[in-house]
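Trainee: Residue numbers (the numbering used here), protein chains in the order written: chain A, 1 to 431; chain B, 1 to 431.
Not one of these hints is a red herring.
Computed list of lysine to aspartate or glutamate pairs in EDC-like fashion (alpha-carbon distance at most 16 Å, straight line):
| # | chain 1 | residue 1 | chain 2 | residue 2 |
| --- | --- | --- | --- | --- |
| 1 | A | Lys-94 | B | Glu-22 |
| 2 | B | Lys-88 | A | Glu-34 |
| 3 | A | Lys-88 | B | Glu-34 |
What the simulated footprint calls covered on chain A by chain B, stretch by stretch (three residues with Cβ under 8 Å from a Cβ of chain B suffice, anywhere in the stretch; the number is not a length):
| # | stretch |
| --- | --- |
| 4 | 31-45 |
| 5 | 81-88 |
| 6 | 92-105 |
| 7 | 118-124 |
Please keep in mind that the hints were generated in silico from the structure rather than gathered at the bench.
It should be emphasised that the depicted structure is a prediction, and the values quoted were computed from it without experimental measurement.
Ideal Cβ placement from N, Cα and C applies to all residues, glycine included.
2 protein chains.
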Amino acid sequence: MVPHLVTALTGPINELEQRILESTPVIERWFRLEWMEHTPPFYSSVDVRNAGFKLAPVDTNLYPGGWNHLTPEMIPLAVQAAMAAIEKICPEAKNLLLIPEKHTRNSFYLQNVQRLVQIFTLAGLNVRLGSLDEAITEPTRLELADGGALTIEPLVRSKRRLGLKDFDPCTILLNNDLSAGIPKVLENLHEQYLLPPLHAGWAVRRKTNHFQAYEEVAKKFAKLLGMDPWLINPMFARCGEVDFSDGTGSECLMSNAEALLGKIRRKYKEYGINEKPFVVVKADNGTGGMGILTVRDAREIDNLSAKTKAHMAVTQGGQAVHEVIIQEGVLTNERINSAVAEPVVYMMDRYVVGGFYRVHADRGVDENLNAPGSSYVPLAFEQSAQLPQPGVKPGASVPNRFYMYGVIGRLAMLAASYELEATDPDAEVYE
Amino acid sequence: MVPHLVTALTGPINELEQRILESTPVIERWFRLEWMEHTPPFYSSVDVRNAGFKLAPVDTNLYPGGWNHLTPEMIPLAVQAAMAAIEKICPEAKNLLLIPEKHTRNSFYLQNVQRLVQIFTLAGLNVRLGSLDEAITEPTRLELADGGALTIEPLVRSKRRLGLKDFDPCTILLNNDLSAGIPKVLENLHEQYLLPPLHAGWAVRRKTNHFQAYEEVAKKFAKLLGMDPWLINPMFARCGEVDFSDGTGSECLMSNAEALLGKIRRKYKEYGINEKPFVVVKADNGTGGMGILTVRDAREIDNLSAKTKAHMAVTQGGQAVHEVIIQEGVLTNERINSAVAEPVVYMMDRYVVGGFYRVHADRGVDENLNAPGSSYVPLAFEQSAQLPQPGVKPGASVPNRFYMYGVIGRLAMLAASYELEATDPDAEVYE
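Only chain A is shown next, with the shape it has when bound in the complex (with noise of 0.2 Å):
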């Protein structure tokens, strides 16, 4: 059973997902043409957060993990679109290779892969799973708790192309989000796909550079419906040299936390919310938990204590953070019983296939709900995102607001795109 979802159902977040309803052939079209002219991320997972006021992304994820999560009904989605996202990169493949994060002892990371696998062997390629783990050295057989197994395999590296023993794929997918650097193994390879670009990896990519393009694409489409783009629009501000573990960036992190602040402040004014702003502080690549601080109060940072300091000076990889982004806070103000819930959307090519509810019964609503070691309740969209009904209520139908957050995960997935063609560093230039 479905627990009950009380989804933000009053305020300016109705008003939206009715302007969105209404406007769908239109915004449907204008996806249309953007995708003419950009490619979207082969596949994507973005985090929504629904304050009731504003709905905003927080975070785009263009190596997805949890796609066991997703219902069973949403895989044949998956499916057509990983079908179509083949056709058109590489209609003449066969086999595909993925590479999956190391930690493959985390029996709920290993479900994830075994769905990746499922989907593609459905799609029509044969899956094979190769390791960035040295530890590797032979095909190696990892139990699932289903019962099933999936078998890992040292990657083959030629001088210009990547694969198995006895296995040459067309294309190579990554579910890993190289947060500890590029493998000398993935470099030089022009002769294969290597999806996502290694551009597009943690140890390259910057929540700014996304955010930066997501601005861009949340003013345009603004633009189409006519509405204010801080709705669906998180502000932020970025310090280049930061140290956490000995105070240097203090004053940079002091005086944008502040300033970005104020300019919430003003924006609750303008809409007359009530609600207290906050700032998220974290580093400007990486993914996961770590590092992430909320701040109501710029002077909070000048007294952070040495176990936030360094809890902030490292990222997931075990990077030391230098880069960091300071993001306006969005409320979450949607729960499951009585714990607080962020929605995640998952695309695949230009295609929302499902989504989940990240449920974390301990956390508040001005909270980072993805928090590493922590449990959360995965809850499966029940209904398809493909099936708003027009003339419903706004807040009243639950398809309508997954549609809702499908458009706002499409923007991001468009921001991606963005992002990644502007930082592309074989991107050829015309003067």
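With chain A held as given, fit chain B onto it using these hints.
Mentor: Showing chain B alone in chain A's frame:
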């Protein structure tokens, strides 16, 4: 509750199922390569007959009705496939004009139209309905059984474009098979996409062209899998100058039926099939179940009753029948409770989006189930055709069976694209 379905669980069809499942990556890649060379029909449905020893398409509909019989779970797949189709044909499209059949008092048919409107609206288009019925001179509201309504409007034709009052579509989609001939209002539209093209309508299309193309497709596919194409291909012959009312051409019919029955008999002997061969005689153009004759002995053709002759002499569209296809009869060995059932596979663009069983309690295993005037029970496929389960015992898995039906449906769809290319009056000929 879905009644229990007894599929044909024994015999060569299980070997075929197993071979198809084992060959999924090969099959999907082969389809991808075929779709690089050939354009799939915009949408289609294929009637499939599963004899247990043979599995073959018997009718490929390029103006499929019955979309209302798909389960709600299948709609997102149809929406996603419609998005993919629109992206390729006319990404800048805002408006879609849908032209349904004239029989707008048939509430079952209207439910189909309503479902198509829903699918294309959700895919992001403004959808309106235009009528070929000259009695529709103003916007007319048609009530639906579920309390909803559709509005159908008179067509507005300018010199170069077709639309409605204040509605200029990029794409015109026919859900009318043009059995009654090509209406003038649809001719010479070169600025808009008219889908399917006019030569896909029964005014021009011939079943024998389709099954000739299907034979070519079946041979290629059988070669790919190393199997006898007969296992998926219904043999056929043609008589071009027939008049049932005065007996013209009955010699052609008899000699062809005799020869075809002989060929089937030899195949049955080769495979040790202990069934009585039969052939089906029907109009080479036209759809629906009008004028379909089951023949077990060629001499029956010489002794048709006056009623049968009258029945065979005209198509459902009221056109005189002069061209006739004589097709190998394929038994259907599927049952729901004790009623005979045949699967119908629905496709949008290149994707299988769902299907249902046409069930008929009063018909035999060698009879046409798409009988006019008599009811049938649509039984939606419970599970997606995109979720085969490799490793499961052949015949034991409903998803595997549906995957196989989806492959056969796509072979017939591919044959339809070969057919439409070969019969395109505007085709450029490269010499």
